[in-house]
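Participant: Below, each chain spelled out in residue letters.
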Amino acid sequence: MTRPRRATMALLSVLVLVAGQASAATPTPASGPTWAANQQVHYRWKAGAVPPDWLKPAINAAAADSNHSRAARAAVFGYEAGATSWVGYTADIPTNYAVGYAVRHVPNSFTIRLRPQGHVLDWGKLKWCQFYDKWPAGCYDAELITLHEFGHVQTLGHVDESLGEPWLDSIMHAGPRTKAKIGWNQHEFGRCDVARLQIRYRALKATTPYSTCLALPTTLSLSASSSSITAGAAVSLSATLHVSSNANYAKLAGEPLSGRSVVLQRRVPGASSWTTHGQMSATSIDGRYATTVKPSSTYDWRAIFSKPSSEGLKGSTSSIVRVSVSKCVDGVCCSGSVCMTDAGEESLERSEGEPQ
Amino acid sequence: MKRRSLLLGLLMAVAGCVPVGQGPTSPPLPSSAPTPPARASQGAMSPEPMVTARPRRSPAPTPTTQPTSSEPMPPLAQLRLPDGTLQPAALGSYVYGGAAADGPWLPARVLPAVEVDAGASLVLSVPPLRFVRWGARYADARDEAADIISPLAAGGDNVASMESAVLPAPPSGPWVMMVQLYFADEAGDAAYYWHVVVP
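Protein sequence lines correspond, in order, to chains Y and H. Remember, the working numbering sits 12 above the position in the first sequence when you count from 1. Remember, the working numbering sits 2 above the position in the second sequence when you count from 1.
Since the hints were made in silico from the structure, they are not lab data. Even glycine gets a Cβ: it sits at the ideal position worked out from N, Cα and C. Misleading hints may appear alongside valid ones.
To be verified - In silico EDC-like cross-links for lysine to aspartate or glutamate, where the CA-CA straight-line distance does not exceed 16 Å: (1) 263/Y x 312/Y; (2) 193/Y x 146/H; (3) 217/Y x 65/Y; (4) 193/Y x 149/H; (5) 137/Y x 85/H; (6) 191/Y x 149/H; (7) 191/Y x 146/H; (8) 193/Y x 85/H; (9) 217/Y x 298/Y.
To be verified - Label-pair ranges, simulated between beta-carbon atoms: (10) 86/H x 94/Y: 55 to 63 Å; (11) 168/H x 119/Y: 17 to 25 Å; (12) 60/Y x 187/H: 31 to 39 Å; (13) 173/H x 145/Y: 39 to 47 Å; (14) 82/H x 219/Y: 34 to 42 Å; (15) 319/Y x 159/H: 41 to 49 Å; (16) 59/Y x 86/H: 46 to 54 Å; (17) 168/H x 175/Y: 41 to 49 Å; (18) 318/Y x 82/H: 32 to 40 Å; (19) 119/Y x 164/H: 31 to 39 Å; (20) 119/Y x 170/H: 42 to 50 Å; (21) 119/Y x 153/H: 49 to 57 Å; (22) 192/Y x 170/H: 28 to 36 Å.
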């Protein structure tokens, strides 16, 4: 490697370290048709291949892990006797190296197979941690492996290991780890798994944080219930925040964003600096925020959504909305330099220096 | 409780019984799966009784790519060496046709060794499929746990598909080389392994 290239690589490494967890990365690959939004998919134990009692809790825990960490409208898994889908404890798995195997038949069913404890594979003897009272080094955490298989059922593929992204960003590695390597017992989807689930299934709710593996552009708009009021009258300012319509991911484009911090700012027309008026309140409409103000003077208003550090959204600023405030004295109302009578007739132009 | 199960399993194995769920014949496939082919090739895959299992240390590499069911499997990748020889890979973890298999980094002892000259160019392909991205990494062949894995080369842009790619041989030494491929048309991904010895 040449010296400049080495320096560039070193600089990149530093930047990656500085950026840390909040930096956008590569969402886990995925393919194939998706389940319906929040589709309930139940599984049973496979007849003749029922997992032993020491394994069942880990399998059910993995289903719960998938449900609580998906952060998207991906499938919801749960045990139910008589279900079409099944989980089996069986050596009937293609190849003699795999410890887990999943087949999905979206949108109808899936199967997951876990190789039996002690089975001799090409690479050695399979050890499930849960089989032991004291988990030995080199054992596979059945909860992680089953969660990984549920990830495949959700349509996730394997991460591209050549990208060298942090191991904990995903549980969908092509070579799942054993105890006690980093990530050997992850019990929730990694942030880049969640990113892909959100891309494919949309976020669970408008308030659900977007994965920091993403960097979605946002759009913020602001409107006023009236652009011209008399001093002391109330005007409602309403902001709408959503993922930009030009976002790369079709299902996320235009998605409303609720529960975020949207700040209202104002300035005197022509001024360069803005003053924060306060945080806008959430409304019952997804992505909508509102504030009622009673300005005594004419102001320009704008809403600000600052890039959050805890989720994968970019910041945005609304366009400027001017609310003109007129002051009435003896039946003549002035707004800026224009004054009107109560009857709506233009009265006179205010002279310079007269207070507005 | 677990020890009791262990003892029970041992007794069953000694008596020639097979624990429930590990019968010598495979359980039926889901109704939506195609009819399985003849099971002649599955003899080597019959599950072994749980407690009698012992790690195999056979010096002869065991192929890891024999299918045991009719579920879809990706084709084998191959390397074309400078002398024109085609060296098939051992298949590792994959996602293909709605099926996904997951296993560890494969150790050198289960992989056929191939000697490659230092600085050689290797041509990767996975006929008849095309792929849109690939990445090669390697680890010391003596490091079975693959604690240290180094990047070798990568290519593709996820869009334009290719039927082959050229990658460099690793530096001198015995290595396990793993190449991950992402198939065109979102057909899935697969990890392929070779035991590469570079003098």
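Participant: Mind listing which of the numbered hints don't hold for this structure, in increasing order?
Facilitator: 1, 3, 5, 8, 11, 14, 15, 17, 18 and 21
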